[in-house]
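The task is simple: from the sequences and hints, build the whole structure.
Number of protein chains: 2
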Amino acid sequence: MTTIRDVAKRAGVSVATVSRALNGKGYVHEDTRKLIDKTIKELSYKPNEVARSLYKKKSRLIGLLLPDIRNPFFPELARGVEDEMQEHDFRLIIGNADENPKKEISYIETFKQNNVTGVISATNQTEMKHFEDLSFPVVFLDRTSNHYPSVYADGLAGGKMAAREMIRRGSKRICLLRGPVELKTAQDRFKGAIDELCNFNINFNVMTTASFTFADAEKAAAELFEKFPETDGVIASNDLGAAAILHEALKRGISVPEELQIIGYDDIPLSRLLFPPLSTIRQPAYDMGREAAKLLIQLLDGEISEHKNIQLPVRFIERQTTRKVENNG
Amino acid sequence: MTTIRDVAKRAGVSVATVSRALNGKGYVHEDTRKLIDKTIKELSYKPNEVARSLYKKKSRLIGLLLPDIRNPFFPELARGVEDEMQEHDFRLIIGNADENPKKEISYIETFKQNNVTGVISATNQTEMKHFEDLSFPVVFLDRTSNHYPSVYADGLAGGKMAAREMIRRGSKRICLLRGPVELKTAQDRFKGAIDELCNFNINFNVMTTASFTFADAEKAAAELFEKFPETDGVIASNDLGAAAILHEALKRGISVPEELQIIGYDDIPLSRLLFPPLSTIRQPAYDMGREAAKLLIQLLDGEISEHKNIQLPVRFIERQTTRKVENNG
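Sequences listed follow chains A and B, in order.
Using our numbering, the first residue of the first sequence is number 696, and each one after it goes up by one.
Using our numbering, the first residue of the second sequence is number 696, and each one after it goes up by one.
It should be emphasised that the hints constitute simulated quantities derived from the structure, not laboratory data.
There could be a bad hint or two in this list.
Copies of the same chain look alike in the list, so a pair counts if it fits in one copy or across any two.
What the hints assert, rightly or not - No more than 25 Å apart at the CA atoms, straight line, and that leaves these computed lysine-lysine pairs for DSS-like:
1) K989 - K797
2) K946 - K1019
3) K704 - K733
What follows is the structure in structure tokens.
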């Protein structure tokens, strides 16, 4: 009977490599995988299905690295990843890097030591060295990378869209909440909005928030009305920031959307529950998670090459923190 | 030179047990641990510190099982666990059981296979068999258990407190949102509120929600005002439910707190950002996470026995969905 050793010997690779190729565990170069498939057919090798399925079950572990589990956007991403992985019989463990590069490195070590099959990372250090030379594939989620496959939403278009909807609805003294400068996703939407405001010659001010946390959102909201009391439209960097602005405006007796329009970013579940409900730019978080999981599974199956980038569209969700568009507008 | 084998032989235990005792990895009975300590002293055994620290580093992995990562209460718990574990040089991986017993079992398997040092579980199957015969200790968080150490907040007192504050502030036709019947924590607060309402002979109605998700909260809120339009006070089962009630009330032109008072439960970060900001019963989620982590570390260090239960107090956070207490009230 042909054994896995015969296949390895004939293909000129190690038994471990054949095993990885058979089990979809760990990374095997596409050419090697093809060679192994060919050899298996030539030798009519039948892997031991029981052993294989036991082995597969044991090792079908995926690591998901999130930047901040307390930001409601990321649990949505995680659920998308999870549901897709579940359907393909993978298990998902989550590490919360907490926007801290040291924690991030530590989690990658943890994933390595626990022989994960692959990693999906939504953290910010996409160019860091510790993603190099890993024995498993990495997919970036909600991030772009020049070196790895990724799934993200079109931030530049989202920012433009927010500005355009704000202008169409008549705001003239707009304030932009600028998210953390080190986050590329935050800066994409910021740049998109600025481009559009410049195209239309609209005046604007900028308030930068140090992070996407609740505390910083509240602080920025209070400051915004002190510094720029003439503001009649706020384009927030995310929905938490928009919620804080809405809260602060209502507290100050400013009517929304009559005197002040607000547009958020993300469309987290809470945004619908605010009153008035928040108009926002929707990122398809759950779908992004699903797509990233699919991409990783395709990589593990050797179906695609390493540099696929998937950009998902965003859209404007019209609720009640923006005015209706005038018919003649 | 004395080796670990000599210690094991003399103490009458396996090398693995001595190793676990030395490294604080895996569970060792307190008596066994004492015996091993004694034997080490008798034989003047010096463990190889380099090997030991490498080994410790590799295995200092804690599994945290959450019931629903999308409910903002749980990421707060997770952050508490994480910060305490971080300070003690443990790493934390998170599994989201998604209120699904099958997923829960699957995560416990995953944790086993990855040789975690210990597990903290905030899921609902506290009495299930698959927590038995594990080689590592388990601490329950936000749950009580008759068989395992646990950290939780006083739900009965919280429910009473919510009802008392509602009554003191003059609501007479109260509606209780009852959380999922299978969740003991939800039922504790529910029972506490009922007790207090009965003590004061206050009329009340009950709306049961199938889950703690956003969708079910919105559904319950819409139904409540159809079924019980005379309601002048809502005691919600959590803050998401309270946010949905607030939203629905404002949509219907009901003034809060003048015509309708609302009290939530949890005090998630978003509750402050609602308008009017939500009065609620605060569970110290972050501190609960910290305490559970401390308890697990103490168990691993053999400092405490297995059945310690820590109950943390809750408190009323007065914001603006409840009226001021009248001086003569």
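Right, here's what the structure says about each hint:
When the C-alpha separation of K989 and K797 is checked against a cutoff of 25 Å, the pair qualifies only between copies, where the shortest distance is 22 Å, while the shortest distance within a copy is 28 Å. Taking CA atoms no more than 25 Å apart as the test, K946 paired with K1019 passes in both settings, with 23 Å inside one copy and 18 Å between copies. Only within a single protomer do K704 and K733 lie at most 25 Å apart by alpha-carbon distance; the minimum there is 13 Å, versus 53 Å between protomers.
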